[in-house]
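Novice: Just so you know, the sequences run in chain order A and B. Taking the numbering used here, I'd label the letters of the first sequence as residues 196 to 434. Taking the numbering used here, I'd label the letters of the second sequence as residues 115 to 378.
Because the hints were derived from the structure by calculation, they are not lab data. Ideal Cβ placement from N, Cα and C applies to all residues, glycine included. Where hints are given, some of them may not hold.
Now the stretches of chain A that chain B is said to cover, found in silico as 3 or more residues with beta-carbon under 8 Å [claimed, not checked]:
(1) 205-215
(2) 386-394
Here are the computed distance ranges between Cβ atoms for each label pair [said to hold, decoys possible]:
(3) Ser383(A) to Leu177(B): 45 to 55 Å
(4) His188(B) to Pro336(A): 49 to 59 Å
(5) Ile395(A) to Phe146(B): 17 to 27 Å
(6) Pro338(A) to Val327(B): 17 to 27 Å
(7) Pro275(B) to Gln416(A): 44 to 54 Å
(8) Ile322(A) to Ser155(B): 39 to 49 Å
(9) Gly376(B) to Asn333(A): 33 to 43 Å
(10) Gly373(B) to Asn381(A): 17 to 27 Å
(11) Gln145(B) to Ile199(A): 51 to 61 Å
(12) Met401(A) to Met285(B): 19 to 29 Å
(13) Thr335(A) to Glu232(B): 21 to 31 Å
(14) Ser383(A) to Gln326(B): 25 to 35 Å
Take a look at the letters that make up each chain.
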Amino acid sequence: MTEIPEHLLKRSKEAKAQADGVPAPSADAGASSDDDGETIPRSLLEQSQQGGAPAPAGGGVATIAPPAMAGPSGNTHRLLTVVKSGSIQDVKATPGDKVHVWPHLLAAEFTAALFITAFALVFSLFINAPLLELANHNATPNPSKAPWYFLGLQELLTMFDPMIAGVTIPGIVLVLLGFAPYIDRNPSNAPEDRKFAISIQTIHLMFWAVLVIIGSFFRGQGFNFTYPWDTGLHGIFHL
Amino acid sequence: MANSIEKSKQSLPERLQQGATAAADWMQDSQFWTSVFRPGSIFRKGYTDSPRNRSYVIMNSVLYHLHPVKVKRHAVKVSYTLCLGGLSFFLFILLTITGIFLMFFYRPTAAAAWSDIESLHTQVSFGLLVRNLHRWTAHLMVLSVFLHMARVFYHGAYKAPREFNWVVGVMLLKLTLLLSFTGYLLPWDQLSLWAVTVGTNMMGFTPVFGDQVRFVLLGGKQIGAETLLRWYVLHVLMLPFVLVIFLAIHFWRVRKDGGISGPL
């Protein structure tokens, strides 16, 4: 079943009320105050007024009371209804500001890919991937660190019980992150309407960023707190 | 007769140029060429920069899977997306290419892994460079996927109708981390062994089935030769396979959910 849009129902109600001679609450008498800017051609309006009925100014679909058999100008037909194009078909008022993907988007994408390739290539020419000694189960390095993206978790483990740091906190974070669209019911995407969501996410991202930075640069022997300028950054590319 | 006299008057470069043009015309007219490049392709004969051909470039090529023919003007502004999603995908392609190269020289056994990497550095042409590229682009991919997630959040782009694509994206973020982490063990040096030891110890804290998950992933109580083989298969085959499936869904949903979100 097709649903009839609400604005059409409202219009038809107004028009009916007008046709019955009862002034509708929102119907304006002036023909110029058409809601969507489309006006009924003047000739049609005049024709309908000649019929003696009030002008259907406020309504898009207006049923007009039957006029006398012959109008003053001798016409024998009568105007039953005027249907404006916008009320039935969804006429696209503006075509929208669009550009071709080729070349506008593809050129940008290609340039970005070139830049990242060049960056990775130059970086790889000057800085070698680490290869330390052969793995040895009997020689535990001090400190032992996880890959940098897990250092936030390792940092949490120094502060809390494993049950909280290793399971509860990351579990809650991942669930909240995954279901963010279903938790955040605010339909707006304007920053001024989303102060809470943006604050929470910024705090969350900063939380991990700070922990990863501490874990990477401020942890020395025995994973104790230290300053990078005391221990040096010799292992900085051991990633 | 007159024609041949005229021809002989031309200088050699001119004649070469004419010959090259004729050869290019012959190639572009061939059945092979016209069957490879569909109408509208920039490689077809007589491509002109017309609105019709600009549409055909996308519509008549595999790119139509990724992009519509036209996008809203704000969508092509680099400052809106910073290209982060596309770059993550591009880095994944770079990683696949460099990774396949590395696979030719690497055996995932405790006895051979480390020395294979070392001889890759010293005895294989561009071996060190390709390994460097693989390592650094892997870190870059973790970073760009993470930043892509942040960008999408700050634009509120995960809101209806794109909710589910956000969920797929979070899965892709996790898969990216897992891919990076499984690759971390493969050089089989002190850095790999102990970083992965610390990482997998955290896994053991998972309640109820933590120890079992750890046992299955390590192939034992601690990291050993079995772990290396398992993580190798995860890294080069299983996780990329799963990632590609999620990528396909992610890209399809971008097209179906109405392209990229509107400006703020």
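Novice: Of all the hints given earlier, name the ones this structure violates by number, lowest first.
Specialist: Hints 1, 3, 5, 9, 14 are the ones this structure does not satisfy, whereas the remaining hints hold.
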